[in-house]
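Asker: The residues making up each chain are set out below.
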Amino acid sequence: MSDNLVRLRRLFKPRRGWVIAVPLLWLTLFFLLPFGIVFKISLSEAAISIPPYSAILDYGHETLNIVLTFSNYLFLTTDTLYISAYWGSVKIALLATVLCLLLGYPMAYAMARAPMRWQLVLLLLVMLPSWTSFLIRVYAWMGILSNNGLINNSLIWLGWIDSPIRMLNTNFAVILGIVYAYLPFMVLPLYANLTRLDGSLLEAASDLGSRKLNTFFKVTLPLSKGGIVAGSMLVFIPAVGEYVIPELLGGPNTVMIGKVLWEEFFHNRDWPVASALAMVMLAILIIPIALFHRYQSRELEE
Amino acid sequence: MLEGPGEGDAGYQRNQVNNNSERGVMMSRQSKLSLAVAAASLALMTGAAHANEVRVYNWSDYIAPDTLEKFTEATGIRVVYDVYDSNEVLDAAMLSGRSGYDVVVPSNHYLTRQVSAGVYRELDHDKLPNMVNLNPELMDDLESIDPGSRHSIPYMWGTNGIGYNVERVEAILGEDAPVDSWALIFDPEVTTALKEGGCGISMLDSGDEMLSPAMAYLGLSPLSEETADLEAAGDLIAAVRDNITYFHSSRYISDLANGDICVAAGYSGDIFQAADRAEEAGRDFTIAYSIPKEGAALWFDMMAIPADAPNPDNAHAFINFILEPEIAAAITEYVVYANPNVAANEFLDPDILNDTSIYPDQEVMDNLYVAEEKPLAVQRVRTRTWNRVKSGI
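Line by line, the protein sequences are chains X and L. No gaps in the numbering here: position 32 of the first sequence is 32 in our numbering, and each next residue is one more. No gaps in the numbering here: position 160 of the second sequence is 160 in our numbering, and each next residue is one more.
Chain X on its own, in the form it takes in the complex (with noise of 0.2 Å):
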């Protein structure tokens, strides 16, 4: 009976294959798969036909031909628009990236210290506004930041202005926008960390003297670099490839690497090159990954 027991318990003991099956699948299926066909397009030519890009491989008369065309990886560097726009992108990135840590970071330590009851409220008012749709929230900033807007309106109601302050269609609401949108992303990881803080550090912080502000900056900071890290890293890297805010709130001078691939791919309908910017882009983000991951082992041999 009891080796029937043992025998049965080992069969569905979760062995390390099946455990790592699922996250495997999916993303063979949802990165690997794409990622090989983007790779794909971006080593072909741009051709008049359904799919719009020549065939890398060509099998006839018994030969199998493999044609790569690396001319579009070329033609990035031949023209400034690209490198401005991945800087742009960068840029606008990573000072909303900074803008979501001054905010959420506050957040997250006034949530984790919250009474326990609190707690759930204040996760749920973190998590609330993204149960509706991501479209509508970026909408719902152009009407507040337009010229025509609620905020504009009630300046001059105030009488506090004349004319409208011009903030829709500026870098500004960009930013904006994307720490809005990706604020929850910061918080969430932080709140996580700061709540597996161990209380009992700061208490021995405080019997040896420090002072509160002395504690945060030496105790609790230092504890927190996993959550910053990898609140960043959630805010940063989707923000680099944003398309619809800047789109939506962006204006003229707003050059993203996400509208520049949109142009690409539907204005000069030239899939391969789009795929190519895709590719580096994918390369750029692939350093600060590298970057997390390497840190993230680092503290685990710790």
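Hints were generated in silico from the structure; no laboratory data involved. Be aware that one or more of the hints could be misleading.
Claimed, not checked - Below are the DSSO-like pairs computed for lysine-lysine, each with C-alpha atoms no more than 27 Å apart in a straight line:
# : chain 1 : residue 1 : chain 2 : residue 2
1 : X       : LYS91     : X       : LYS225
2 : X       : LYS259    : L       : LYS374
3 : X       : LYS212    : X       : LYS225
4 : L       : LYS70     : L       : LYS127
5 : L       : LYS374    : X       : LYS40
6 : L       : LYS374    : L       : LYS293
Only a predicted model underlies this, so the values are computations on that prediction, with no experimental measurement involved.
We have chain X already, so just place chain L on it with the hints.
Answerer: Using the frame of chain X, we list chain L on its own:
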């Protein structure tokens, strides 16, 4: 050519509800069944329904409210009607293949390339007896786009010109304001005066739509593919850039109607819509549309059948139905774009038929140009020039 949702959307949605009501009933029944069974039976039903439906993919807000209903009444063919709001979206769907649509309506300058990519099926003219109703002169214009109408039939046509606030422009520029010229948008002095007079100017956010008129204004060929010409046009627009309130392809409809801007380069039908809205709201100004004397774009939206359309016979029936004079007239009265159907003229409201901004007279027609498909290299220069104009990079 309408971009973005307009007030007339309610009309389209009514259609949508009517056409889908049958489906709605089926869905609610299914919800009682298990998910797997529902999915399987849905697949079966759509498979079975193929024989008697036609899937149409058209511009948003671009058909009369009762057209689809009448088609189903006349033929018994159910219409599945979807909409898009830009040629780019349709183009990407077509070039990816297997869209599942039977009838799509691209604009002429996108159609040519799609035809050469093999996107569309050749039309069977025997199934389109109503083609006799088409205006032979317009069909001549279309020879360069689709010779012999082998792949497409025009749906509606229009022009790109200038919409302006009659009273405000006259107050700022005086009675001899150049409202019949692209100078209203491209001349630095004129635009500076408008800006200082508190009159906003908008341009379409499209290199294709703005560089051609700029070249026409400079006395160059609006269809020039020369890099130097395109750059000259770019320089012209860059010089007035600070006087332009914004670049957008649909926002000007409501802004013109509200008086937020008072000059806009835009699509004819959109500006008529703005004029209607201003009138309905009882504004103290009127919005007018003019086709500049230097030349303007004449465009056609073309009905075509994708090569892999599931119901090509029904697609022909649908196109033939649209070519019925009464049907074409009803659509024109609703969307305020001209149709290519001469036989429809007798059913058309004379106010629309005699409006030279909708049906221009011959002299103006002779000055219009039809945008052509550009090779990738030229298209690239256009997009790049437009980017430089807007962002300075």
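Asker: Now look at each hint and say whether the structure bears it out.
Answerer: Status of each hint after checking the structure:
1. A C-alpha spacing of about 22 Å is found between X:LYS91 and X:LYS225, which places the hinted pair at or below 27 Å, so the restraint holds.
2. Between X:LYS259 and L:LYS374 the alpha-carbon distance is near 22 Å, which keeps this suggested pair within the 27 Å criterion.
3. Of the pairs offered as hints, the one joining X:LYS212 and X:LYS225 holds, with about 18 Å between alpha carbons and a cut-off of 27 Å not exceeded.
4. Of the supplied pair hints, the one linking L:LYS70 and L:LYS127 holds, its CA atoms being roughly 19 Å apart against a limit of 27 Å.
5. Restraint check for L:LYS374 and X:LYS40: the C-alpha separation of about 26 Å stays at or below 27 Å, so the hint holds.
6. Note on L:LYS374 and L:LYS293: the hinted pairing holds, with a Cα-Cα distance of about 25 Å set against a maximum of 27 Å.
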